[in-house]
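Visitor: Line order of the protein sequences matches chains A and B. If you count by this note's numbering, then the first sequence holds residues 1 to 296, one letter each, in order. If you count by this note's numbering, then the second sequence holds residues 1 to 296, one letter each, in order.
Simulated from the structure, these hints should not be mistaken for laboratory data. It is possible that part of the hints are untrue.
For identical chains, the list gives no copy identity; a pair is met inside one copy or between any two copies.
Stated by the list, open to error - As a list, the in silico DMTMM-like pairs of lysine to aspartate or glutamate whose alpha-carbon atoms are at most 25 Å apart:
{"#": "1", "residue 1": "Lys192", "residue 2": "Glu131"}
{"#": "2", "residue 1": "Lys104", "residue 2": "Asp183"}
{"#": "3", "residue 1": "Lys104", "residue 2": "Asp291"}
{"#": "4", "residue 1": "Lys27", "residue 2": "Glu131"}
{"#": "5", "residue 1": "Lys104", "residue 2": "Asp10"}
{"#": "6", "residue 1": "Lys284", "residue 2": "Glu73"}
{"#": "7", "residue 1": "Lys99", "residue 2": "Glu77"}
{"#": "8", "residue 1": "Lys214", "residue 2": "Asp60"}
{"#": "9", "residue 1": "Lys222", "residue 2": "Asp69"}
{"#": "10", "residue 1": "Lys182", "residue 2": "Glu198"}
{"#": "11", "residue 1": "Lys99", "residue 2": "Glu283"}
{"#": "12", "residue 1": "Lys222", "residue 2": "Glu131"}
Small disclaimer: the values here were computed from a predicted structure and weren't measured.
Protein chains: 2
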Amino acid sequence: MAGQIIKLTDFAAQMTAHLKSIIDDNKMKLSISSIMVGENEASKSYFNGIRKKAADFGIDAKCEILPADTTEEQLLEQIKRLNADPSCYGIMMQMPLPKHINAKNVFDRINYCKDIDGMNIVNQGYLFSGEPLLIPATAWAVQLFLEYFSARFDYPLTGKTVTIIGRSNTVGKPAAHLLLQKDMTVNICHSKTVNAEEICRQSDVVVAACGVPKMVKASWLKPGAVVADVGIHRTDDGKLCGDVDADDAVQNASYITAVPGGIGSLTSTLLLANAVKAYFLIEKQQLMKMDFTEMK
Amino acid sequence: MAGQIIKLTDFAAQMTAHLKSIIDDNKMKLSISSIMVGENEASKSYFNGIRKKAADFGIDAKCEILPADTTEEQLLEQIKRLNADPSCYGIMMQMPLPKHINAKNVFDRINYCKDIDGMNIVNQGYLFSGEPLLIPATAWAVQLFLEYFSARFDYPLTGKTVTIIGRSNTVGKPAAHLLLQKDMTVNICHSKTVNAEEICRQSDVVVAACGVPKMVKASWLKPGAVVADVGIHRTDDGKLCGDVDADDAVQNASYITAVPGGIGSLTSTLLLANAVKAYFLIEKQQLMKMDFTEMK
C-alpha cells in the first residue's frame, strides 16, 4: 500500500504560534545580525527569507555586508563588536567566506550563546555531550518532525533504527546525536558507504541529507519506513525536489516529508527559536527547552 | 574456520618506543596531575598504574587527594591553579566525584589544552567537528588498533561497516566520530537498541563497549568479523574478561582483541600521549598528529 507525502504546514504554524507566544509573554525585544563578506545573491536571498520571517516575530534582522577584501582580523573585530552588543541575540556568518578567511576560526569566535547557527565549537561540544544548547536548525527540524510524528501517529522512537545519509557538521552529525538522545539506534552513511541502499532498506526511519537530488527511491526503503527529506534542489523544469524521489519512494514508505513544505519549512522558525534560546541563556542563564511537540 | 584472539603487545611496545622518542628528541620535561576528591581505593590503584607508566617516560605524575567535603568552589580553585601552572601538561579528575560537585562543570573548567582525559566541552566539540585535539584514550586506542590492523592485514577501513555497542561520552560517541573520519559506515547501538545481535551480525567490524561481561558471542558476528573488545571485568574465578565472550566469538570472528592485553593495554600510553600533545599545543601552538600506525 502506497504511503503519504506529508506537508508540515500545520506543524510549522503551531511552532510559529508557540514561539510567538514565548516572545510576547516575555516582552522580548530581539535583534539578530547576519554578516556577509562580499556580495552574494544566494546569501542575500536566503537572508531576505529570514528577515521576512523575523518580522513576523517582531525580531529585527540586520545584515552587514563587508567588502570582499575584508581581512580575518577585521571580520573578527566585527564579531567582537556584536558579541558585546547587548541588543544582539544572534550572529550568523553567511557562507561561503572568501578563501583568505578561516571559516572555522571565525565561527569559534562567536559567543556561543549568540551562535544561532550552532556552528561554534562549544555548541558542537554540548551537542556531543548530550546536553545541546543551540542546535543547527535543520538537524533540530528533523528531530522535532520525528517527535511530532511519534506523538501524532503513536510511533515510539525508542529502539527504532534510523539511517542518516550524510555526515555534515550542520545536518548529519547533529541529527545523529539528537536521535541517539531519543534512544534510536543510529546508523550514519556517507559518500564512502558501500551499499547505502541495502543499509537504508533495513531501517525503520531514513533521514536523507546526502545533497543528491532524488537519490532515495522505493528500493531503498523497508515497507512502512518513515522518511525525513532534508534536501532541496531545483530541477531543470524549475520545480523543487529533495534527496528523495518521493513519487517513487512513497510506494514503499508510510510517510515522507514533502519538498517543498517539509523539513525546510521549519528551519527559519527554528533559527529564530535559537535567538529566543540565546535570550534566555544570556539574560536568565537558563536553557529554554521549547518542547514544540507538547503543543498538540 | 576459527579466528584468532590477538594480543596487542607488539603494538603497545612500538607505541611506547615512538612516544618515548618524541619526548627524548624534544627534551620534554612534563608533569601531569590527578585530582581525587575523597579517598577511593579503585582510583588510587588506577592512578598508581598511570604513575608507573609515566615514570617509564620520565613524566612526573602527581596525585592530589582533597578531603571528601571539598566544595565545588575549592575544587575549581585547584583547577585554576593547575591551569596556570606552567610545568603541568595534564589534569585528570578522578571519578566518581562527591554528589555535591557537578562533574561536568568541573571538566569544562580544565584548560582544554591540558584536558588529557578528553572530557572538556571544547575537546568534545573538536571531536564532533572532525578536527580532534585531545581524545579520550580508550576511543583513540580503538581507532589506532583498527588502523594498525588495517595496515598490517591489508584491510582497508574505508566503506567498512562498524557497529559500536555503547554510546558513552568516553568511548562509544568518540569512537563513532573517529571511525566516521576513517570513512567507515558507523552504527551506534545501546541499551535501548532492539536486536543488537542481528545488527552486529551485519557488520564488518564490531566495537564492544557495552560494559556487560561476555555479551558478544559467535552468534552476534558475521563470519570473518574484526572485533575490538573495550570491556574489562573480573569474573567470579578471579580471571579477567571483556564485553566479548572471546572463546565462543572466535568461532566466527577473524580477529578479536584479547582481554587482558588488548585495547586496555594501549590506554595508559595514550593518556600520556595526550600530555605530549598538550605540550605541543601549549608550547608550539601546534597539533602533534602522532600517527602511531606509520611505525611498522
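Visitor: Which of the numbered hints above does this structure break?
Guide: 4, 5, 8, 9, 11, 12
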